[in-house]
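Following this note's numbering, the numbering of the sequence shown begins with 1 at its first residue and continues without gaps.
Hint data in this document are derived by calculation from the structure and do not stem from the laboratory.
Wrong hints could be hidden among the right ones.
[To be verified] Below, a list of computed lysine-lysine pairs in the BS3-like style, where the Cα atoms sit at most 25 angstroms apart:
(1) K151 / K227
(2) K151 / K164
(3) K164 / K227
(4) K151 / K85
(5) K85 / K31
(6) K227 / K153
(7) K164 / K85
(8) K85 / K227
(9) K85 / K153
(10) K153 / K164
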Amino acid sequence: MQLISISSLLYMFIPVIIVGFVYFVWTKNFKEIGLATFRMILQLLIIGYFLTYIFHNDNSLVGFIILFFMVSVSSFIALRNVENKGLSTYIKFFISIAIGGSFNLILVLFFVLNLDPIYQPRFIIPLAGMIYANSMNALSLGAERFENEIKTKNYVTARAISFKASLIPQVNAFLAVGLVSLPGMMTGQILSGVNPIIAVRYQIVVMAMVLGSAGMSVMIYLYLQGKNYEN
């Protein structure tokens, strides 16, 4: 794989600076883009060194703690766009992501990849990251839309609208893949020299688990919310 030097990496911050400048001019808020960029760099550097350690240690307890941390943080981040940020909402988010995301993770690890031994951090951690992050994004969209729709519509209608809205990114990705885009995982494998047909198989797995985890997490959340609107 082509090694990216630090000096070459800096070129990619040119469009980030442009977007950040316009974001500041139009919204009068410079902190959000600047802070997000700083956190992105810092968090990736930290996780890079941390994963190097994890990949060389076969402690399954540490792996479980990492997965629990991922679900906890993703549930907290999903609260950003909802009005009700209370403990009850957080618990619903946590349950939804934990069940919806973990079901897909277990399916991939045990039945698709059929790993032996099952605990292999270089597979589990990246896959869990993709699954929980997509569950988080879908849940954030769905919950925010549900809060708005339930103000003027009944539960069944609000549920349908918010569920559809939450899956727009995933459905669009399904429709565009291979025609408009080559997704990140497939592109990375091809750049590293993997046969494109093999890369396609992995990408199909990723696409299916992304839609499945996102949809199931939102389904569980909307089901839990429905308890508040039972007659």
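For the pair supplied as a hint, K164 and K85, is the alpha-carbon distance within the 25 angstroms limit? holds (23 angstroms)
Does K31 lie within 25 angstroms of K85 when you go C-alpha to C-alpha? Distance ~22 angstroms between K85 and K31 Cα, so the pair holds.
Does K164 sit within 25 angstroms of K151, going by the straight-line distance between their CA atoms? At roughly 18 angstroms apart (the allowed maximum being 25 angstroms), K164 and K151 satisfy the hint.
Checking one constraint from the list: CA of K85 to CA of K227, max 25 angstroms. Satisfied? holds (18 angstroms)
For K151 and K85, compute the direct alpha-carbon distance and say whether it is at most 25 angstroms. holds (17 angstroms)
25 angstroms limit on alpha-carbon distance, applied to hinted pair K164 and K227: This hinted pair holds, its Cα atoms lying about 20 angstroms apart.
Hint check: K85 vs K153, CA-CA at most 25 angstroms. Holds or violated? holds (22 angstroms)
Can the restraint linking K153 and K164 be considered satisfied, given a maximum Cα separation of 25 angstroms? Holds, because 15 angstroms separates the two Cα atoms, which is no more than 25 angstroms.
Would the pair K227 and K153 pass a check requiring their Cα atoms to be no farther apart than 25 angstroms? Cα-Cα ~16 angstroms, so holds.
K151 and K227 were given as a pair; does the straight-line alpha-carbon distance stay at or below 25 angstroms? holds (16 angstroms)
Violated hints are absent here; each numbered hint is respected by the structure.
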